[in-house]
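Engineer: Residue-level listing of the chains:
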Amino acid sequence: MENLLDQRRELMASLKYASFIQRAVLPDQKYMENLLKEFFIFHRPRDIVSGDFYYCSRKEDYIVVAAGDCTGHGVPGALMSIMGISFLNEILSIRGPIRSSRILNLLRERVMKALHQRGYELENKDAMDMALCVFHPRSGELQFSGANNPLYHIRNKVLTEIKADKMPVGIDAIEESSFTNHVLQLKPGDIVYIFSDGYPDQFGGPENKKFKYGPLRELLIRISDKTMEEQRKELDRVMSEWKGDEFQVDDILIFGIRFL
Amino acid sequence: MQLVSFRIQNFRSIVDTGYHALAHDNITSLIGQNESGKTSILEALKAFHDGRLIEDMLRSDLSLPVVSCKFSFAFADIENYINKRRLNPEIRKLISTVETVSLTRRWIDDMDSQMEMGDELQEVYNETYDQLRKRELKVMENLEHLNRDIATASKKLNKVNEEAEWTTEKLETVRLRMNEIKRNIRKFITRDRKEELRKELELEEEMFLKLKETLELKLTKQEEKRDILEALDEKSEVNRKLMEIQEGIAEKKEALVLVQEQLRHLLQLTGMYPSEREQRAAEIKEEICRTDIERFKDELYVLNDQLRIQLLVLEFVFEGMSIENAVKAARKEVEAVKEFYSSNELAEEIFKILPDFEMFEDFSSLLPNRIDLEDIVRANKHAEGYKAAINFLTITGLEYSFFQQPSSRILKQKIENLNGELTLNFQDFWRQNVGKNNKIKINFELSHYDHTNPEKSGKPFIEFWIKDEKERLYPKQRSRGVRWFLSFFLELKATAMDKSRRDKVLLIDEPAVSLHARAQEDVLMVFDDIKEQIQIIYTTHSPHLVDVNKLYRILAVQRAIEDDMKSETLVYSAQSLKSATADTLSPIYSTMGARLSQQEIIKSFNNVIVKDLATFYFLKAMVALTGFEKECYFLPASGAESIPMMVNILMGWGIDYVILNFGNSEERLVHEKLMKEQYDNKIDLANKQMLFLEDYPDTEDLFSTIDFKKYVVKVREGITVKNSEYLIDNNYSRAILASNFLQEVTDESVSFKTLDDETRDNLNSFIQQLSAILK
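Residue numbers (this note's numbering), protein chains in the order written: chain G, 1 to 260; chain D, 1 to 775.
Hints should not be assumed to be uniformly reliable.
Dumping the calculated BS3-like pairs for lysine-lysine here, alpha-carbon to alpha-carbon at most 30 Å [claimed, not checked]:
no., chain 1, residue 1, chain 2, residue 2
1, D, 753, G, 163
2, D, 714, G, 113
3, G, 59, D, 722
4, D, 722, G, 113
5, D, 182, D, 212
6, D, 753, G, 113
Not everything, but these chain D residues come out facing chain G in the computed CB check (under 7 Å) [unchecked claim]:
no., residue
7, 205
8, 705
9, 706
10, 716
11, 717
12, 718
13, 720
Since the hints were derived computationally from the structure, they do not count as laboratory data.
Backbone N, C-alpha and C define an ideal beta-carbon position, used for all residues, glycine too.
Just chain G, with the same shape it has in the complex:
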């Protein structure tokens, strides 16, 4: 028993240190504030380490932001997420046109190569879902590509969903094709939200059901006129209320950005 406790302590210490590393590879808060001005990140990992991750970086005149959700959670998800961040960094260092679809395409190549995925039956099928935006502040143009995860865009309390391609970043049942490169023209005050499926998939409420996307959209519309920090607090409050004493089923991540 003593042994088991020791092992647990050791495991916890190891996980805590891993979470420290994971946080270290996530973008620095100040760096993000400098780039994005008004934003919030609502990130509630299910375990000590998380399979959800967010990303923010500048490449030339563009700002690249992403919300990723790696298959699984805990340690395997965390390992995938670190891989995802590294690959994104690598891709952004390559010369070439800056397009959201291209970034996801290249990321998929790297994931497939790293996991030796060739479309065979018994091979590793891990992948990640991701919503990725490329924003050009000067023109207000926003490119979006989604791997299973959509983007919500709110302007004057009207929410528009930009649907994602139904394929992950990684091997899939069907042959790879290029991700769609959506282009939106933003106006000052517009808010975009990218997220993992953790929030809508969380069980809770009086009937212990999933929160679902519809209520999430309504919630986001409702709070969209609040400051970003207030929005984060509200999302946190609503989720805590919804979940109650229920077990958190997955990592939760919502990345909201208001463009000025």
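Starting from the structure of chain G, add chain D where the hints point.
Structural biologist: Just chain D, lined up with the frame of chain G:
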């Protein structure tokens, strides 16, 4: 300093070649038919260097030649050599910013020429000259006014003089009449008469007073006019001096023309005198003429200076300065201008550090059997084989002074002591055997003419022998080929031994005409070997002296109207060989075989040279996919390194072409090489014929990774490297993949629509660039 380009105007059949760049690697060949003007180019360059013009070099309209040569240089080359203080700061600034500097030799008449700085600097000089000219014109204008004023003042003075004279006369008449009246008054006593006479006298006295008044006025005017004239005359005195100088200049010029005429006449007769004595006498006269010419030129220089000063004096005097001060100021200004190099002076200074231009000619450059010692001592360049003999002596380390030994016996002994022998080893360049191991020895001996040659009897001469292990023969007993090669070798050796720091440009007219084809190729090898030390420009008809892999070395020379030897000479650079006629390009055609432009694979335009067959297939497929409307013909080379050869072939055949290179290291190197060799790093020029897709390492990189996987390699695995790298890493055959892809495009299994955005964008961008470069 390297000669980089030339321009020849009004030289024999040449009207104006325009600037033509020489090959960057120091070997330039002028090809063209007989009488096309190739040799004229060499001679014009030689004339640029030595300033010597012979009558037949002039055009029939007698327009005077102008030869400009452009040289690359390092600023330090010039600055270290010339007197920095004499360099006009504006000129200095300009020189420090340019990479080439051109000098022009302009003939003032057929005997005389002057060097001036080329266009880069001439503008500054022209500006100064224009200002001076304007000032001179102003002075001349003022002089005209002065002369007019003097004439007017003289006229007025004359008039006043006449009037004063008339008044004086009149006054005298009145005075006489007054005296007469007075006498009559005394004579006639009648009161009435007296009264009458008194009244008459009063009238006369009144007249007298008036006339006296008028005369005084006239005299004052006369004084005034004289003063004016005197003042004008002061200026006129300066003008008279000016005119005297101008007359002096005209006289000197006339004298110069006469002496030049005399010299011209003497030169025409050179070599035609029946005896050596007469020839010698003519040479002395020639020398006197040359000295006179130099003297007249010096005197003219001084007179021109005086003229300049006098003009300035006038300018200052017209501005109101006193003559004394004007003279001082004018002298000061002329001295100040002379402090800086004039265009001619600077050109003369820079000329001293320009490369030496040497002409290798058959007559004086082929080793003779013998040469008179007198010709050596007197430096008689007209003597047969003079140049070769001097080269030989230079190599053996003998100076002219060696032969000035008055005693022939001692000289002979000295030569014997030296063993009079030089061994030359040709084995590095010469593939034909001229002796054992390609080594031959040249002997020289001092002998004397005997009674069989009465005119020269007893006079010493040097005799040459070429010796190998078999025999000892006079140079002329060896084949002309061996003799040519040997003499050429001597020239190179002697040039290499020249201790002066000046670079060399060797001009060779029809080298190795008498050599066997293989030996001609050896000559080309020698050129390549020495090109770092000596810049070579040669004329040729021979296909063996044209390197088809280096057609950028060619300048084609032909007449404007084929077969009309009176039409002007045109020069075509390597890039514009297609404009030259087939006859002009025959050496290239002979080397290459049949005329490519007469077949169907390569068209006369829109040929696109690409690296290899795989590239050819990919591009053909891509062009088909995009529905590119222009016709273009991709020509695959056998690897990137073969592209320059393809370029040479098409250039040689006068076929339009475009070179397409991708950004991989091999093609990048080829691109850079062509950029330098074909286009002299002139980007504008290169961009018209070269398309360099440096962002794409190879053709397959125009595909997105997804399309590349889907349509080319047909695999499902993560590819994180460039498509081209993936093919290499995985040992794929590019040619097979490309050919299969082309097949699929032909079968319409792949269409432009099926490709993703990234591929479509890449292809559209490529096609746009290709379209821009094609016709």
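Engineer: Which constraints among the numbered hints does this structure fail? Numbers only, ascending.
Structural biologist: Checked against the structure, the only hint that fails is number 7, while the rest are satisfied.
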